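*Asks:* Quick note, the sequences are listed as chains V and S, same order. Anchor point for the first sequence: position 539 equals 539 in the working numbering, and the numbering is continuous, going up by one each time. Anchor point for the second sequence: position 6 equals 1006 in the working numbering, and the numbering is continuous, going up by one each time.
It should be emphasised that the hints constitute simulated quantities derived from the structure, not laboratory data. This one's a predicted model, so the numbers in the text were calculated from it and none came from an experiment. Each residue gets a CB set at the ideal place from its N, CA and C atoms; glycine is no exception. Check each hint, because a few of them may be wrong.
To be verified - Taking lysine to aspartate or glutamate and the EDC-like style, the derived pairs with C-alpha atoms no more than 16 Å apart in a straight line are:
1. S:K1101 / V:D177
2. V:K159 / V:D177
3. V:K126 / V:D284
4. S:K1101 / V:E447
5. V:K213 / V:D194
6. V:K233 / V:D186
As the list claims (entries may be wrong) - Quick list of the computed label-pair ranges, beta carbon to beta carbon:
7. V:P475 / S:V1091: 38 to 46 Å
8. S:G1065 / V:L410: 56 to 64 Å
9. S:G1065 / V:L530: 49 to 57 Å
10. S:R1102 / V:P475: 34 to 42 Å
11. S:A1038 / V:L439: 19 to 27 Å
12. S:G1243 / V:G444: 53 to 61 Å
13. S:G1100 / V:P475: 20 to 28 Å
14. V:A354 / S:S1092: 51 to 59 Å
15. V:N413 / S:T1097: 37 to 45 Å
16. V:P475 / S:K1101: 27 to 35 Å
17. S:E1202 / V:L439: 30 to 38 Å
18. S:R1265 / V:T458: 45 to 53 Å
To be verified - Over 12 Å on every C-beta distance to chain S, these chain V residues come out as not near it, computed from the model:
19. K126
20. V396
21. T496
Letter by letter, the chains look like this.
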Amino acid sequence: MLAGDASADVRGRLRAAGVQSRRVGFPSTQLGNARVPEEVTIRRVVGVLVALVLCFLPAACSSGPDGSSSTSSSSAASDTTLGKVRAAGVLRIGTEGTYAPFTYHDPTNNQLTGYDVEVINAVAAKMGLRTEFVEAPFDSIFASLQSDRFDLVANQVTKNAQREATYALSAPYTVSDGVIVTRTDDSSVTSLADLKGKTTAQSSTSNWAQVAKDAGAKVEAVEGFAQAVTLVKQRRVDATVNDNLAVAEYSKTTGDTTVKIAAKTGDTSEQVFAMRQADTTLRDAVNEALGQVRSDGQLTSISEKYFGQDVSQGEASPEPQGSAAAPQSTWDLVRDSAGPMAVAALNRTIPLTAISFVIGLAIALVVALMRLSRVGIVSQVARFYVSVIRGTPLLVQLFLIFYGLPAIGLTFNPFTAAIIAFSLNVGGYAAEIIRAAILSVPRGQWEAAETIGMGYTTTLRRIVLPQAARTAVPPLSNTLISLVKDTSLASVVLVTELLRVAQVAAAPTFKFFALYGVAAAYYWVICLVLSFVQGRLEHRLERYVAR
Amino acid sequence: MSEQHDEQNRDEPRNADLRRKPQPDGRPLLEVANLAKAFDGVEVLRDVGFEVTSGSVTVLIGPSGSGKTTVLRCLNALETGDAGTVRIGDVSVDYATRPGKRPLARLRAQSAMVFQAHNLFPHLTVLRNITEGPVVVQGRPRDEVETEARALLESVGLGGKADQHPYQLSGGQQQRVGIARALALDPELLLFDEPTSALDPELVGEVLGVMKDLADQGRTMVVVTHEMRFAQSVSDQVLFMDGGVVVERGEPAAVLTDPREARTRTFLRRVLDPI
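If we strip away everything but chain V, and leave its shape as in the complex, we get (with noise of 0.2 Å):
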């Protein structure tokens, strides 16, 4: 039961984020990812910029219906990519690999696998072509196709005005209908007219909210489903509307049934691949290819096993099947998680930290000096940058040298661009504190080493710098110990580094709490190992001090 589970509500947080969202409504005010709580205003960050990089791409890329397109490298795109894939004989999929049953991570054999993921395999090998997954998190997967780090999107992207107006979207491949969940003991509600003077728990930017708003329902703003339905079970609110393959996952997931689907709405949801707008031709081949797939009974066949019904045609509505695959438990689960979560941390985040960290170091030591220096100019460069780099957040500026660049003919890998913001953010952080200590060696020992007839950078070199040290050794660990952790933020430009990771593990399962706990685990030890070198290397600093 839910209220036993003490991980229930964050898992269904995290369930629910990803539910809602995806389902319905534009990116670019939905919230995404499944990722912990505290980041839900990361992820209105996140959805800002997915909409300033929607608005300014395709402008940027195409510049009209003409097609004069070719300024750009993303535009590249425009309507050659079906001849591009077809003479690699690879369509390149954006997927999010987190949110089962749709796309996920198997747990017995880590194969990205679920009905998207399935469905998307079973066209493209129609159209005669491989397939190769990209993972990215869903708040900048449309960023990603309009950079070109694929050709499409199969990751049940709802159908909607803006989002037509802005892709070329295939025909659809799922269809859902509206469902109002209550709890089981309540038969108040029997139809959506029923909503009418209720309160009801919703995304306050999904659909679903407009549609209990305009039955008459108060409507309470939640982050996501699995909240909703535990504001119902507490009795806070009497109802939620969603869609019905969430509802049933929600139910196959927990085997709770203390709420029930206690009407349905009358209005459907459709899901379709993705593709940039320019790219109508590769459409064109993808719906003939859909057709196949519908039409020879595939696709009635993949919605079968994951639903036990056709959800591929609408007038869905599967039944909960609580027993129908035997979960794995948390025990297991974290001991054939843990292997792979030490790999990434040793391979991403901590090559991730200690590149940055030096790369910043060097980049901090300059804009200190420049700072410091008596040129006007200088230092005021050496200002703004502190002031850009202190003033934004971080996650805005790996966003923008990963998805920002490319529209000026810059594109970096994502191991390169996080890097590079790692290291930039770094610098503008590290660059105070070592003005700061190069300010705290007194005068004389300047003057002291120009009397002996030193140089500038000799003086900083042997006398200066190796004092300043001792000063700015705790700061700079400080700094270190923050971007350990930041360097999860490196998922959102497809980093595959040791949070995404307890991610992808925790998705099929909902097991987010056991396994952020592991990877919270990890990140604590490598801080605890950085702290103990900072100890050290004090003590070492200490010598030549008299106490």
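Position chain S relative to chain V; hints supplied.
*Replies:* Just chain S, lined up with the frame of chain V:
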């Protein structure tokens, strides 16, 4: 502590330990003329001029803020004058022409400074403090410089301290390392900026003792100090400064015991008989 050991060493003859004994020839080593300097529009030096003959000791006295230290710093190019010329040996700088880095470096290389706060490098050993200039700046071989540095340490009574760090030494010992550091550069001129002002009274003697030894060896020295007895017994020339100008200049016996100027008399009375 090894204070006693040092005290004993101080009075032993050490001439042999110095690797270079300047040969006094009577010609002026240092010439300063019309030196002027203002900080943010406030005039601190005006028309300062004097000579120092090779092998002689010149003492600058005067109330605080009179410009003594600024004069010294202009000699070492730690401060650049606004006008006036400074010639040390065969290097001459005219501050009115806004000299660049290179001429200033050449002037600086002619002298070495001993600071009031000694300004030893805390992260280096005593030996490295002394060898850093000759090795890093002058590019001389480390072995050779280290041998000389050990001899210099011996000569200032700190033979056993080469491998210690400055914080392990007393104030007087630190200042003697500062003197050794200056000597290691083999300068024409030694500059002392109130070398004993920051020391506890009982440590002043060991530093003045080393300075007296240097004077006896014929080193050319310019010393800013409040130690009137040192001025009286060791110096060849005393300059009294007040308000940025040289008020009175002459032999110590004349300036210190029978000053011509009223300002000099007032200052001396305050210093010698403060209560």
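*Asks:* Evaluate each hint against the coordinates.
*Replies:* Hints and how they fare:
| no. | hint | result |
| --- | --- | --- |
| 1 | S:K1101 / V:D177 | violated (81 Å) |
| 2 | V:K159 / V:D177 | holds (14 Å) |
| 3 | V:K126 / V:D284 | holds (13 Å) |
| 4 | S:K1101 / V:E447 | holds (15 Å) |
| 5 | V:K213 / V:D194 | holds (12 Å) |
| 6 | V:K233 / V:D186 | holds (11 Å) |
| 7 | V:P475 / S:V1091: 38 to 46 Å | holds (44 Å) |
| 8 | S:G1065 / V:L410: 56 to 64 Å | holds (59 Å) |
| 9 | S:G1065 / V:L530: 49 to 57 Å | holds (51 Å) |
| 10 | S:R1102 / V:P475: 34 to 42 Å | holds (38 Å) |
| 11 | S:A1038 / V:L439: 19 to 27 Å | holds (26 Å) |
| 12 | S:G1243 / V:G444: 53 to 61 Å | violated (26 Å) |
| 13 | S:G1100 / V:P475: 20 to 28 Å | violated (38 Å) |
| 14 | V:A354 / S:S1092: 51 to 59 Å | holds (54 Å) |
| 15 | V:N413 / S:T1097: 37 to 45 Å | violated (57 Å) |
| 16 | V:P475 / S:K1101: 27 to 35 Å | holds (34 Å) |
| 17 | S:E1202 / V:L439: 30 to 38 Å | holds (35 Å) |
| 18 | S:R1265 / V:T458: 45 to 53 Å | holds (48 Å) |
| 19 | K126 | holds (72 Å) |
| 20 | V396 | holds (40 Å) |
| 21 | T496 | holds (43 Å) |
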